[in-house]
Amino acid sequence: MRPPIRLIFIRHADELDALSPEIADGVICVAEDFANPFDAGFSMSAFRGLKELADRQEMSCFAAIEGIVYEADLPRLDEWLRVLRSVGCDGVFCFDETVGLRARAIAVDLHVIYHPITLVTHTAEADFYGSQGFYGVVASVDLSVAEAVRLASHASAKVGCLLGNVPMYVSKRRFLESTNDTMHHSHPLTLEEESRPGRCYPVAQNARGTMILRDAFVGLPTDASWRELPFEWLIGFRGAMSFESYADQLRRLWGHVQ
Amino acid sequence: MKAPELLAPAGSLEKAKFALMYGADAIYFGVEDVSLRHQSATFSMKDIRELVVFAKERHKKIYAAVNGLPRDADLPIYHERILALEEGGVDAVILASPALIDWTQRVTTLPIHVSTQHGAANSVSIGWLSSLGASRVVLPREMAVSEIASLVQNVPVELEVFIHGGMCSAISGRCGLSAFLSDRDANRGVCAHSCRWNYRLLDATDSDAKAKPFVMASKDLSALKVIPSLMEAGVASLKIEGRMKSVHYVASVVQAYRHAIDAVVYHQPFDLDFWTNQIRRAEIREAGVGFLQGDPGRSGQIERKSKQEETGDFLGFVVTKDPMTEGAWVDVRNKLSIGDEIEVLHPDGLFERTRIDSIEDEYGAMLSVANVPKRKVRIFANATWKPYAILRKVKSWNDPY
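Just so you know, the sequences run in chain order A and B.
With the first letter of the first sequence counted as 1, position 89 gets the number 89 in the numbering used here; the numbers rise by one all the way through.
With the first letter of the second sequence counted as 1, position 152 gets the number 152 in the numbering used here; the numbers rise by one all the way through.
For reference, chain A alone in the conformation it holds in the complex (with noise of 0.2 Å):
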């Protein structure tokens, strides 16, 4: 069996730079008129630039399309879409199913998976959107490792599982004072809810909405070497930690440091 793919959300081009194999197989940057309020994503030609690059250090470069698509959003998705697909995308992840439906009804042939952060529950759910096209799907954050596990055991589709800093709510408002307050701030904000003094959950806001993170760094069972693990892809999600904090974690999770 062929071991996971290790997937890493990525914000600038020299960290794909800094990467090596011991880090990841590939990078997820996130298209900049769908990003999350944690990656201000890539333009169209920031994308191409970034895919040449990884061609030469024989990574992976997926894309991610984040929130929910509204009819407005369409004539955009269709740019990035046939961008995506021109410079040779390895995949798409996708928080929308609108992004898979949309590239199969104009024809564009993308590897689109299917990542809602908490939709696909179970078996059934993961194989349905398989037959409808998708290349794969990302499991629930809500799920344990065991259920994702055993999710991803028993679907014929493709099951990604998502780690590091998960997402555990996402709104469509936004309740900072500023976005300037958010991402750019050069210091993270997070949230402390009053019976839980000493957690802190990082947030952050954009135009499309906010967003808030676990604050613990989700790892994986510690009696099964990742390489054994059924899925397709291991999805490290940033959030608000520094490129060499993120760096730091994942080569603990992959055995690099003892």
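Check the hints yourself; a few may be wrong.
[Claimed, not checked] Stretches of chain B that chain A covers, calculated by requiring three or more beta carbons in the stretch to come under 8 Å of a beta carbon on chain A:
| hint | segment |
| --- | --- |
| 1 | 97-110 |
| 2 | 137-151 |
| 3 | 165-179 |
| 4 | 184-198 |
Just so you know, the hints here were simulated from the structure itself, not pulled from any lab data.
Ideal Cβ placement from N, Cα and C applies to all residues, glycine included.
Let chain A serve as the given structure and place chain B on it in line with the hints.
Just chain B now, kept in the frame of chain A:
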């Protein structure tokens, strides 16, 4: 103009009947273990059969919410419930999982409505759900009337829109806050409303004292003033949230929206202030139009009050008219005393004010006060009461209704 369906929540058989009596065209209810409101999912198959008869006699519809997100081990019970609902005669099932939509379409003849949990917000996604067999899609609560109007023109299914009640502050279905913070999975019916808890916003460089309160609790939705626009847009169904709310809430809110819809259909005047006030008598949370008129901004969506108390206005409701006397048997919900001046809401929309002359318990003993909730007492008053009439406090005799 054709009237859209007015769809009301039913947390119990009793609430379902009140909703239908007060003007709802249809009600939706949760099904045990498979919907998003476990505590309110008190409908047994016996209840459902009784409700089906009650609704059919009045040419109304009932929809069953099976919109939880199952794990593998849960699927057999989802399948079992859906088959039982078809057998029970419900008019549609509300589903969130496309795989379940596909299964239901293949195995039953039930009409399928897609839950807002699925998050379908554009014509591509809605068109796909239609191709899977859905006849209606419930839109996300983060859409403006202008967006909804555009969608109505471009999709082959009915669209349902939330008009009143509590709102997830997250995108429905995409929230793991409750599951992570309290091990209560919102997508399996046990949301702890963690978005309404108290948080502090911290900057890594700030001292603890500099932390600011952070509120992400959403105001409730109240779209009474937007009803004409939604009807103009061609929405098929207008949905009220609140399966956990009281009979008083269900009746008051349904009645207000019934009048709002009928005023448009029959070109009648509509007293927005009066009906807004009627709704406020029954609910306790701050409300606004949400995203229906565009992005509400921070002030338009964040609830400021952290602690709110019940209004206490709801005194009880008439169960039956006593055929032997002028009295009526009343199900008590808050303290009632002889001499109380009360107002009575009738299902047909009439209001009246009266004074309680006497109270008897079920053994005929005279009481000066009835203060045991859900106890049945016989009340004599200078009024003609019918079943489903709601009794509530008059705060001041000179106050408007």
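Query raised in the report: For the segment 137-151 of chain B, do three or more residues have a beta carbon lying closer than 8 Å to a beta carbon of chain A?
Result: holds (count 6)
Query - 8 Å C-beta criterion, at least three residues: is the segment 97-110 of chain B covered by chain A - result: holds (count 6)
Query raised in the report: Do three or more residues of the segment 165-179 of chain B come closer than 8 Å to chain A, measuring C-beta to C-beta?
Result: Coverage by chain A holds for the segment 165-179 of chain B (9 residues, Cβ < 8 Å).
Query - Coverage assertion for the segment 184-198 of chain B with respect to chain A, Cβ distance below 8 Å, three residues required - result: holds (count 6)
This entry satisfies every hint, going by the numbered hints stated previously.
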